[in-house]
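Colleague: Each chain is listed here by its residues.
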Amino acid sequence: MNEWLSLGLIGVPLLGAGLAGVWPDHRTRPWLLPAVGVVHLALVLARAGQAPVVAPGAWLGFDPLARAVLPAVSLLFLGCAAYAVPYLRLRSERPNRVFVALLLTVLGLVSAGHQARHLGLLWITTEAVTLACVPLLHFNGTPRAFEATWKYLVVGGTGMALSLLGSFCLGYASLHGGGQGDLTFAALAVQGPELSRPWVLAAWVLVLAGYGTKMGLAPMHTWKPDAYGEAPGIVGALLAGGVTTVAFTAILRVRAVVGAAGAGAVADRTLLALGLFSLVMAALFLLGTRDFKRMLAYSSVEHMGLLSLGAALGGAGLAAALFHVWSNGLTKGALFLSAGNVRRAAGSASMDTARGMARLTPGSAGLMVAGMFAVTALPPFAPFFSELRIVRAGLTEGRGWAVGVMLLGLLLAFLGMTRVVFGVVEGRPAPAVRRSAARFAETAGVLVPPLALLAASLALGLFRPTGLEAAWQAAVAQIRQP
Amino acid sequence: MTGLLNVLVGVVMGLNLVALAGGRLPLLIRTVAVQGVLLGLMPLILEHESPDWKLAAVAVATVAGKGLLIPSLLLRALRVARIDREVEPLLGFVPSLLLGALGTLAAVVLTEFLPLRAEHAATLLVPGALASVLTGFILLAGRVKALSQVCGYLVLENGIYLFGLLLLGSTPLLVESGILLDVTVGVFVIGIIVDRIQRTFDSLDTRRLTVLRE
Amino acid sequence: MSEIGLMLLRMAVWLGLAPLLPGLINKVKAAVAGRRGPPVLQLYYDLARLWRKGVVLSTLASPGFVFGPAVAWLAVVAAAALLPLGPLGAVAGFRGDVVLMIYLLALARFATAWSAMETGSAFEGMGAAREVSFAVLAEAAVIAGVLALCVQSGRLTLADMLGESAGPGAALLGAGLFVVLLAENCRVPFDDPNTHLELTMVHEVMVLDHSGPLLAAVLHGAAVKLLFFAVLLVQAVLPMGHWPAGTALAALAGGVLLVTVGVGLVEALLARVAFRRVPLLLTSAWVLCVFALLVAWKGGGR
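Chains as they are written, first to last, in the numbering used here: chain G, 1 to 482; chain P, 1001 to 1214; chain A, 2001 to 2302.
Here chain G stands alone, though its shape is the one from the complex:
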């Protein structure tokens, strides 16, 4: 029963993708997205309600880590799917067959990636997600979108190549330590101290560089601003809140093996350094950018840095990072979708052109401001609480200086983001922007999904179900075995 639910999480979206591929009607096809999204969320909740028991040798399984992260992705997907229906009606001039099919494929593959308990399987799914995102990124078909896609492919492809090399190194570490070629994470962790240490360290560096590229940690983040800047808002939201989390859990799974091999301290140090570097780099770029979609990309780099930082700060920090996966995914989703509305209405994502959007698209502009405050940790929203937990974990771990750098980065990011967002919202709109905005109707369809995601973020901040806390703790126990 449980296995079937797990497989259903992968199979249903892929089936939906196949259906979208053969669906004849252009106008009704987008409705497949929310339909599959609802089924997926129901399956996730049904599976998450049961105990996360997985056969030790299984290659796929809904283990505690998947349980702690996958529902957030499913929720975010449902929000994006609901938004996609009115969005694709607005963009009826573009063919949507490939777009819908691949969005569903990405959902299926992300579900598989979160549940992968085998080194090779994890890599294959991540690579497949990378490739499936390519047509999504050039949905707009402009030369700039092509350029962004090319960069994404070269940088992301290189990252995936490195992570494959890292996986091989880990496999060789097992082989050198007398392993039998069983590359499930459970078997690798059991082999633990017998793993050849130099190869484990080599694997860690390569995996961190490879999956870190997919996550968008600085300095491997270069694809992110271009891709997020040129892709539709839904794709950006799914990349920032869904695809990057697969890379994050991949790093966590390898981290568990590295910890079992006795090199956990080294792994934590590298995660800490990379996290802080991403945070600071992103904050500095946020102070300079004048494009609000690129701003979102740098904000995503910043939050990936926070995840990496949290994962480095002991058990409490890791739990906070898992919490932050939720809060970042939901809040960033709301921000991406509302920013997408503003971008459509203004016809530009530059704060030099798009001005006074509060007068033209009051709903979306309001959501964007609220989302911006949420993502920069305004108290009642979830990011505030997850970041507060990271700070507390840092102080208990005795990493006061790291917390100081983090808070400085957050402050700079706040300054940079308010500068851009208020630059877009305030002021008097230019005539060209007025004409462009007149063609954009701010219907309930494009406002409710971001509003719902923001409300979810608020709810998560105000009260967290005990089941959720328990799920995060169970995942921490899975990753950081004593």
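Hints may contain errors.
Some chain P residues flagged as far from chain A (calculated, every beta-carbon gap over 12 Å) [as the list claims (entries may be wrong)]:
no., residue
1, 1045
2, 1047
3, 1060
4, 1117
5, 1120
One side only, chain A facing chain P, incomplete, derived with CB under 8 Å [unchecked claim]:
no., residue
6, 2280
7, 2283
8, 2284
9, 2287
10, 2290
11, 2298
Simulated coverage check for chain G against chain P, where a stretch passes if three residues somewhere in it have a Cβ under 8 Å from a Cβ of chain P [as the list claims (entries may be wrong)]:
no., stretch
12, 154-163
13, 190-203
These are computed hints drawn from the structure, not numbers from a lab. Where is the CB? At the ideal position from N, CA and C, for every residue including glycine.
Got chain G; can you put chains P and A on it based on the hints?
Modeller: This is chains P and A only, laid out in the frame that chain G set:
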């Protein structure tokens, strides 16, 4: 058989340097193709005592994919784009050749210090893999033309494949075949993109891709 | 045969047979192009003619203009004397003679460049600059190749290290040394000995102002140098020391002939490369020699 394997790996390492030194794209593509064919033969040599159909399938798929399919796609893109040679690479031919040669030497020296299983210590697989990965990076980072970068990516993948040969006998073959598929698809997609870039920019010069920058 | 006689024989081979090689190369080129070409012995006639002529000296030139070609000729011939001729052996040999050989070749180049600069002509200076900048890379390749031989054989005497087999890296070493041979002797694709356009000349432009016996020395020295590199290449690749004397001698002669024909074919079939591509070609030669060294080091050198 280790001797024969080492000769093949040695040739692959030599082809890396040819790829670094050659300015003509058809030569570069053919170099990578020959590398692919050689890589396809290696599993058969490595496991010649216990050949089975899965191994043969990997060999055939590698030769067909890396040696024939991808190069012919690239050559087609070349014809469409009507370009012939790399112009003014970011990193010149002589520096990249020297860097590649030094990297190859370093790879051989470094391998002396790596903990390897006895049956792998005598082969050139690890230095070959390291050298190819480095070569791939030099081509990816140092060349301007999109097709050269794709070739660099292929050399990088070839290096990883060489390393994967160490695990060939001991891990389930599923991983290898899945990887092969992904690599092929990945490059195929890259090929399509190249095609589209061509149509949009009417040039395969990635230096033109500079509208987006911070 | 007495020791003196053998010595004389060796020198006779070096000095007497060397001018045959350029003639052979020209014959091959002519054959490929479908021409009859100059006689094989053309260089002998030229040398004899030049020897009888007088020397034109620039009023600007110091005695260095005369010394240069003489020193260069002596240095090349001395280097040749150190190189064994298969079973005939070397005129002189001692531990580390290989280093002296490399230095003598460098001295010859220095002397040529020096006398070229003596003329005070911009063309000669330009040629000298080119020659020297190519030589820097070619010399590195020669040193790497010689090191490979040292490591492979574990010896430091030319006669010993050339007698041994070059091991599995022989093909690499042979290819590298062949490229060096082409560069050092100013053949296509590095330089065109037949060109008459000063702007593109390398070696020829350095000796534009030399005439009479001086030019004869330059030409003869160049021929000896060509023979020198051909002999070095053949011996580096073939394990001549393990063969009976007759076979070895035949192999040496055959090998040198083969190399000469090869040079002729390269010259007939290849175009000259652009100047900015020359460093790449020479670096490739260096890399080939370095990899021969690597193979010698890794693969069972003694």
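Colleague: None of the hints should be skipped; say for each whether it holds.
Modeller: Here is how each hint holds up against the structure:
1. 1045: Residue 1045 of chain P is indeed farther than 12 Å from all Cβ atoms of chain A, at 17 Å.
2. 1047: holds (24 Å)
3. 1060: Fine: 30 Å to the nearest Cβ keeps residue 1060 of chain P off the interface.
4. 1117: With a cut-off of 12 Å, residue 1117 of chain P remains clear of chain A, as the shortest Cβ separation is near 19 Å.
5. 1120: At about 15 Å from chain A, residue 1120 of chain P clears the 12 Å cut-off, so the statement holds.
6. 2280: Hint on residue 2280 of chain A: holds, closest Cβ of chain P at ~5 Å, below 8 Å.
7. 2283: Status holds, d = 5 Å.
8. 2284: Holds, because the Cβ-Cβ distance from residue 2284 of chain A to chain P comes to roughly 6 Å (cut-off 8 Å).
9. 2287: Holds. Min distance 4 Å.
10. 2290: With a closest approach of 6 Å, the residue 2290 of chain A hint holds.
11. 2298: Holds - the Cβ of residue 2298 of chain A comes within 8 Å of chain P, reaching about 7 Å at its closest.
12. 154-163: holds (count 5)
13. 190-203: Coverage by chain P holds here, the residue count being 3 at a Cβ distance below 8 Å.
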